[in-house]
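Protein chains: 2
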Amino acid sequence: METVVMKFGGTSVATPEKIIGVAKRAIREKEKGLRVVIVVSAMGKTTDTLLELAGDISSQPPKREMDMLLATGEQVTIALLAMAFKMLGHEALSFTGWQAGIETESVPRNARIEQIHTERIEQALSDGYFCVVAGFQGVDKIGNITTLGRGGSDTTAVALAAALRADKCEIYTDVDGVYTSDPRFVTGARKLEQISYDEMLELANLGAGVLHPRAVEFAKNNHVPLSVRASYSDEPGTIIQEVITVEKNLIVRGVAFESGIARVTVTYKKAFNGSLANIFTTLAKHHIDVDIIVQSITDDAPPSVSFSIKEDSLEETRRVLAERQEEIGFLAATYEVGLSKVSIVGSGMVSNPGVAAQMFDILRLEGIPVKMVSTSEIKISVVVPEADMKLSANALHDAYGLSR
Amino acid sequence: METVVMKFGGTSVATPEKIIGVAKRAIREKEKGLRVVIVVSAMGKTTDTLLELAGDISSQPPKREMDMLLATGEQVTIALLAMAFKMLGHEALSFTGWQAGIETESVPRNARIEQIHTERIEQALSDGYFCVVAGFQGVDKIGNITTLGRGGSDTTAVALAAALRADKCEIYTDVDGVYTSDPRFVTGARKLEQISYDEMLELANLGAGVLHPRAVEFAKNNHVPLSVRASYSDEPGTIIQEVITVEKNLIVRGVAFESGIARVTVTYKKAFNGSLANIFTTLAKHHIDVDIIVQSITDDAPPSVSFSIKEDSLEETRRVLAERQEEIGFLAATYEVGLSKVSIVGSGMVSNPGVAAQMFDILRLEGIPVKMVSTSEIKISVVVPEADMKLSANALHDAYGLSR
Chain D
1 METVVMKFGG
11 TSVATPEKII
21 GVAKRAIREK
31 EKGLRVVIVV
41 SAMGKTTDTL
51 LELAGDISSQ
61 PPKREMDMLL
71 ATGEQVTIAL
81 LAMAFKMLGH
91 EALSFTGWQA
101 GIETESVPRN
111 ARIEQIHTER
121 IEQALSDGYF
131 CVVAGFQGVD
141 KIGNITTLGR
151 GGSDTTAVAL
161 AAALRADKCE
171 IYTDVDGVYT
181 SDPRFVTGAR
191 KLEQISYDEM
201 LELANLGAGV
211 LHPRAVEFAK
221 NNHVPLSVRA
231 SYSDEPGTII
241 QEVITVEKNL
251 IVRGVAFESG
261 IARVTVTYKK
271 AFNGSLANIF
281 TTLAKHHIDV
291 DIIVQSITDD
301 APPSVSFSIK
311 EDSLEETRRV
321 LAERQEEIGF
331 LAATYEVGLS
341 KVSIVGSGMV
351 SNPGVAAQMF
361 DILRLEGIPV
371 KMVSTSEIKI
381 SVVVPEADMK
391 LSANALHDAY
401 GLSR
Chain Y
1 METVVMKFGG
11 TSVATPEKII
21 GVAKRAIREK
31 EKGLRVVIVV
41 SAMGKTTDTL
51 LELAGDISSQ
61 PPKREMDMLL
71 ATGEQVTIAL
81 LAMAFKMLGH
91 EALSFTGWQA
101 GIETESVPRN
111 ARIEQIHTER
121 IEQALSDGYF
131 CVVAGFQGVD
141 KIGNITTLGR
151 GGSDTTAVAL
161 AAALRADKCE
171 IYTDVDGVYT
181 SDPRFVTGAR
191 KLEQISYDEM
201 LELANLGAGV
211 LHPRAVEFAK
221 NNHVPLSVRA
231 SYSDEPGTII
241 QEVITVEKNL
251 IVRGVAFESG
261 IARVTVTYKK
271 AFNGSLANIF
281 TTLAKHHIDV
291 DIIVQSITDD
301 APPSVSFSIK
311 EDSLEETRRV
321 LAERQEEIGF
331 LAATYEVGLS
341 KVSIVGSGMV
351 SNPGVAAQMF
361 DILRLEGIPV
371 KMVSTSEIKI
381 SVVVPEADMK
391 LSANALHDAY
401 GLSR
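Note that the protein sequences, when read in sequence, are chains D and Y.
Residue numbers for the first sequence follow UniProt numbering, beginning at 1 and rising by one.
Residue numbers for the second sequence follow UniProt numbering, beginning at 1 and rising by one.
Hints may contain errors.
[Unchecked claim] Going by beta-carbon spacing under 7 Å, a handful of chain D positions derived as facing chain Y:
# : residue
1 : Pro16
2 : Ser58
3 : Thr72
4 : Val76
5 : Lys86
6 : Gln99
7 : Leu250
[As the list claims (entries may be wrong)] In silico DSS-like pairs for lysine-lysine, Cα to Cα no more than 27 Å straight-line:
#  : chain 1 : residue 1 : chain 2 : residue 2
8  : D       : Lys45     : Y       : Lys18
9  : Y       : Lys63     : D       : Lys24
10 : Y       : Lys371    : Y       : Lys390
11 : Y       : Lys141    : D       : Lys141
12 : Y       : Lys30     : Y       : Lys141
Hints are computed from structural coordinates only; laboratory data are not their basis.
C-beta: ideal position from N, C-alpha, C; glycine also.
Let the hints inform the model, and build the full structure from the sequences given.
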């Protein structure tokens, strides 16, 4: 008998009516002869309400107690969803993280799943129950409730699917699949039927919000057949798997973009070899995320390094560099704001040299200046002026044949 | 080192401010050199909100899932209270029912505590932590979350105090102790310094809302030194213990009363011996609670039995008796409404014959007709017209020297 793990996020379970809708959806799967595990998040704004309550008590609540508090969110959803199944004439059992045997590290707010003791769920599935599992939470070895951090419910679903050797893991969300680009900005954006784990991982890391990179990585490492589907329709969505049948022989599979980028350029004395490491160590200590790094060393000028950061960490970056200039040992730092990052992603790039050159050519034809470049095996990112972001994305989307 | 278990109900933890107040109160105890365990209920109206949510899904939600849902209420409170301790510079750990080792029967909504595995709490106390425990909840042998039913948090506190061999168990509430009678109706009502377990048990069963009878019984059976105190003041409250120093040699310790009582009188054929049992078996099957039962058998009339019920179950009682008249085998049933029950309680009664006669005399002097009587070793209850309830209670309270 095939097993499916279905995951529904906060907006899909925001009201009692929507919870009943989720139950009906799962019942349709069971009626096809599947064993069904449902993973759910906290209802709509529950987490925000709980965070507010904690904020009324303390500005720095202990993390263990935050986990204790936040874990109630999903516990409410699983109880209500199990009630909905019963009301619709089906048997269901709800399970908190610890009841589902989800054992994690002892790292509050950001625990990783270490193993899943599936006996109880397996038994309930064999007995014909729908199993309703709280996402986002687990328990450490000494019995403390932990939460998995951002994207936690996606990770719960994928990890459960792996542990149960489920035949599929379906992530239900408020979009109907993974798109070649953001349809709000790119006219021709269309849904992909398939995408590889690596491509999805790059897109997820680039901010395509449908699926958390941690969950994608877990699915990739454990060969979990994953799909992203709409909770409001029966359309098949996008399948994420190892080997994909490339549609129309597309080299590029998606175009992602992000605004609010700043570029920092630091010049330093050639003699002072430690400067480069010092800069990034110092920034890391202050939790400033650095994205693209480009170094340029020529004979006739002092060496310099440029790196991109989010605009909202610019102030902190300036402060830190100014305070530590002597210690780090650099000559000057300049800052440029109003930038964006545009990326193309596709596993086909590996075997197609010249994709980068082609990309620069497309942007040049549109008159868009490229400020920085970063490449990986299946991704090329460029930093361009924010005013050109939408134009760049659309031009690349069209040029690589992604538009419908 | 002495150990104290402090229990705070829903109104005492209704807001973040009140939760901080509870933490401050507990810190004062610790500063006296005590080890402190705090048991809390769900915040204010949380349980009502959760019940409403369940009601939106199903009119008959499965009990296991109701427990799963309701248990989140106390879990929120314990997390917030532990945060409050930390914010005030103290170390605390919160524990759900299962984390506190509270093992119950597998009876959802109304489980009894079977045993408490105190290792984790003992360790945390030895390590100097405040232990914050969720009241009202536990876990059964196979790991289902259970709740203890009405008065559950009181029971958690008393059971934990017994298991930890605590030196005292203090129930903090919105009144400052146990009163000789309800001060809203009886002018001279005053707070008792001490009361015996048995007296408290009778008063609790008679509806004195400060403490649940189950908790009192547990305290009595396990010799837990109990007290009822105000959460808003430092007054000592009322101590509940086995042997009490009788104040002013009072025989009667309290006067309790309850309105909304109906009397049912059923006459049956002398020959039909099974009638009496039939009546009460039938009513029990329909979950109709019968309180006082008085039987009268004379030679010259058909035998009859009178019993008191709550007025709100009158309609159901009439329906059930009418439907089953033939089967039960009775001649006629009459109903009287607009009655009340007034009770006097005191362990001194056992060794003081004539208390009942004295009680009837007091009521006779006030011109109050007594419709039914029921006596136990330490309690006498009478059913009188509702219009005379307040007068009866005040007259008895004064006559037995309870008024200040």
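Any hints this thing doesn't respect? Which numbers, in order? 7, 12
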